[in-house]
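Undergrad: Okay, here's what each chain looks like letter by letter:
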Amino acid sequence: MSASTNKIGKGYVVGSTLLSAFIVLLILVVLIANSWSAVSANGWSLLSFKWNPPTQQFGILTMLYGTILVTSIALFLAIPLGIFTAFFTSEILPSKYRILVKSMLELLAGIPSIIYGLIGVAFLSIWVQNVFDLQTGRTFLTAGVLLAIMILPTVITLTDDALQNVPDKYREAALGLGLYKYEVVKYALLPIAKRNIVGAILLAFGRAMGETMAVMLVIGSLDKIPQPFYNVLSSGQTITSKLGREISESSFGSVHFSAMIFMGLLLLSIVMILTIVAQRNFKTEDRLYD
Amino acid sequence: MRTQLFLFAISATLLITGCKKKASIHVSGSTTVLPVVSTAAEKYKLIHPSVNIIVNAGGSGVAINQIGEGKVTIGMASRNITSDEINQYPNVQFNTISIGKDAVVPVVSSEIFEAGIASLTLNQIAQIYKGEIRNWSEVGGPDREILCVDKEKSRGTRHVFMAAVMGDKEADAPGADLVLGSNNEEQTAIVQSNAAIGMLSNAWLSNDVVGLNIIMPDSSIVAPSLENIIAGKYPITRDLLIVIDGDPIGESKEFIDYLLSSEGQKIVEEAGYVSINQ
Chain L
1 MSASTNKIGK
11 GYVVGSTLLS
21 AFIVLLILVV
31 LIANSWSAVS
41 ANGWSLLSFK
51 WNPPTQQFGI
61 LTMLYGTILV
71 TSIALFLAIP
81 LGIFTAFFTS
91 EILPSKYRIL
101 VKSMLELLAG
111 IPSIIYGLIG
121 VAFLSIWVQN
131 VFDLQTGRTF
141 LTAGVLLAIM
151 ILPTVITLTD
161 DALQNVPDKY
171 REAALGLGLY
181 KYEVVKYALL
191 PIAKRNIVGA
201 ILLAFGRAMG
211 ETMAVMLVIG
221 SLDKIPQPFY
231 NVLSSGQTIT
241 SKLGREISES
251 SFGSVHFSAM
261 IFMGLLLLSI
271 VMILTIVAQR
281 NFKTEDRLYD
Chain R
1 MRTQLFLFAI
11 SATLLITGCK
21 KKASIHVSGS
31 TTVLPVVSTA
41 AEKYKLIHPS
51 VNIIVNAGGS
61 GVAINQIGEG
71 KVTIGMASRN
81 ITSDEINQYP
91 NVQFNTISIG
101 KDAVVPVVSS
111 EIFEAGIASL
121 TLNQIAQIYK
131 GEIRNWSEVG
141 GPDREILCVD
151 KEKSRGTRHV
161 FMAAVMGDKE
171 ADAPGADLVL
181 GSNNEEQTAI
191 VQSNAAIGML
201 SNAWLSNDVV
211 GLNIIMPDSS
221 IVAPSLENII
231 AGKYPITRDL
241 LIVIDGDPIG
251 ESKEFIDYLL
261 SSEGQKIVEE
271 AGYVSINQ
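For the protein sequence lines, the chains are L and R, in the order given. Mapping to our numbering: the first sequence position 99 is 99, numbers consecutive. Mapping to our numbering: the second sequence position 64 is 64, numbers consecutive.
The reader is advised that the hints may include incorrect statements.
To be verified - The list that follows gives simulated cross-link-like pairs (lysine-lysine, DSS-like), each with its CA atoms no further than 27 angstroms apart:
| id | chain 1 | residue 1 | chain 2 | residue 2 |
| --- | --- | --- | --- | --- |
| 1 | L | 224 | R | 169 |
| 2 | R | 43 | R | 233 |
| 3 | L | 50 | R | 266 |
| 4 | R | 130 | L | 50 |
| 5 | R | 101 | R | 266 |
| 6 | R | 45 | R | 266 |
| 7 | L | 50 | L | 96 |
| 8 | R | 169 | R | 130 |
| 9 | L | 224 | R | 130 |
| 10 | R | 101 | R | 43 |
| 11 | R | 233 | R | 266 |
| 12 | R | 266 | R | 253 |
Said to hold, decoys possible - Chain L is faced by these chain R residues, among others (derived, beta-carbon under 8 angstroms):
| id | residue |
| --- | --- |
| 13 | 42 |
| 14 | 170 |
| 15 | 179 |
| 16 | 193 |
| 17 | 249 |
| 18 | 253 |
To be clear, the hints were calculated from the coordinates, so they are not data collected in a lab. Note that beta-carbon positions come from the ideal geometry of N, C-alpha and C, so glycine has one too.
Could you build all of it, start to finish, from the sequences and the hints given here?
TA: Here you go:
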């Protein structure tokens with residue numbers, strides 16, 4: 001390889017890294033610039049519960065609450081399921097099957113979200129409607145269950161990796177002390193892998209918050225806080241479903257558009273914070289191993 | 001060497017796709033007008049193979065925004081353009097052309113229709129959407145809670161429906177249980193429920209989604225039939241509109257002329273709407 005090719009190669013690599021970083025910054029700047037007119041026109045009334053574009057009321061709290069509720073349901077279902085599945089694939093399953101099972105689980109992550117959405121509309125919402133004897137199956141619970149399935153691969157794969165990263169000497173030492181398998185997991189592996197598992201959950205959290213298509217189709221898109229507020233069997237709205245449905249209806253440059261962008265900015269900020277915190281958990285220094 | 005070959009392949013591909021580009025007309029908007037325009041586009045492309053017509057859904061509000069922003073050449077709308085929308089795009093000459101007539105019909109799940117609800121007054125429908133009537137038994141039906149299906153605020157069907165029922169095209173509907181978008185989505189939700197009320201274009205009615213007769217103030221009952229729509233008796237009617245910026249020119253003018261021709265109007269009638277000639 002001649003020196004000049006090497007230089008071009010280096011320039012290309014550095015260039016593409018800078019470009020990616022620049023795109024992230026650009027997106028943030030665009031969102032902040034476009035949401036400014038909503039913030040200046042509406043001020044604190046953005047943090048209210050009433051959303052009605054014709055009367056220029058843009059309260060985003062209903063959508064924010066919906067996002068938090070749906071994400072909580074998804075995490076509540078996916079965390080235990082995912083972590084126990086990962087224990088199975090990592091600790092119980094013989095390693096020759098592990099790759100097979102894991103890659104099949106990872107296939108779940110590759111299914112386009114619109115497919116989940118269609119299954120949600122056609123089957124899941126009907127089941128929810130019949131099981132709970134509801135007027136409509138398009139509810140927070142339906143969206144939460146669908147999201148739980150969608151983030152499950154993230155939780156499983158990353159938790160499995162976290163467990164696999166624990167060196168065998170800890171397992172052997174624990175087994176040598178005469179611990180049962182579940183005790184090995186509980187007292188030896190879990191404390192060591194804990195940070196990485198928390199990181200996995202935070203990444204799944206971010207993914208669940210940002211999911212649009214599947215949620216939009218099954219949540220009912222009703223701008224209302226459920227009555228009572230923990231009633232997961234009523235229809236609602238999340239930030240993503242609101243954006244998905246209304247962004248193209250709002251004219252570019254209007255306060256309506258700007259308020260939508262403000263919601264997007266809020267969502268992006270939350271997801272970015274989650275990702276940064278999650279990355280800190282995946283740091284390799286101050287680890288116990290080796 | 002390999003890199004050069006690769007670059008050559010890419011540029012060659014770009015060149016070829018660049019050359020083959022056909023004249024294309026982008027259309028988007030109302031899902032009410034969509035069946036007519038997409039069928040017409042298919043037939044038009046058979047006669048004029050050099051023209052490519054791309055038809056997308058989105059709703060009337062989307063059509064008007066996209067015409068305003070110059071993203072599409074032809075918009076489909078099932079309501080009039082509001083003054084806000086006109087003010088939003090001062091540089092655009094919104095021009096609407098009617099290609100047919102339609103009625104917006106309050107619809108119910110077939111279970112409700114079979115249980116005896118065949119007609120309601122506009123006031124009763126308004127009370128349902130306001131949340132004042134929550135159970136079908138209050139209007140003479142079975143003892144079942146009403147699933148009140150609303151549409152997104154800028155949808156053409158909703159504008160026309162709310163203007164007739166509530167007296168304000170952008171009225172709030174505090175009684176709504178679900179807010180959906182396209183005619184298709186609305187139809188699905190009503191079929192899936194056994195106690196739903198919603199609003200649909202006349203052409204989207206079926207055995208599972210039944211249109212209601214409307215009891216007029218003089219207590220005569222008007223069915224959402226084509227005859228009543230043609231005669232102007234049915235209270236919630238509207239024009240199916242094509243929206244363009246300025247006067248139509250070139251390829252899009254020819255396509256619009258095709259829609260207005262007797263052949264195009266036949267498609268309007270086959271889709272379940274009323275032709276402009278009647």
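Undergrad: Against this structure, judge whether each hint is valid.
TA: Against the structure, the hints:
no. : hint            : verdict
1   : L:224 <-> R:169 : holds, 21 angstroms
2   : R:43 <-> R:233  : violated, 33 angstroms
3   : L:50 <-> R:266  : violated, 46 angstroms
4   : R:130 <-> L:50  : holds, 16 angstroms
5   : R:101 <-> R:266 : holds, 13 angstroms
6   : R:45 <-> R:266  : holds, 17 angstroms
7   : L:50 <-> L:96   : violated, 56 angstroms
8   : R:169 <-> R:130 : holds, 14 angstroms
9   : L:224 <-> R:130 : holds, 14 angstroms
10  : R:101 <-> R:43  : holds, 21 angstroms
11  : R:233 <-> R:266 : holds, 23 angstroms
12  : R:266 <-> R:253 : holds, 19 angstroms
13  : 42              : violated, 25 angstroms
14  : 170             : holds, 4 angstroms
15  : 179             : holds, 4 angstroms
16  : 193             : holds, 6 angstroms
17  : 249             : violated, 24 angstroms
18  : 253             : violated, 26 angstroms
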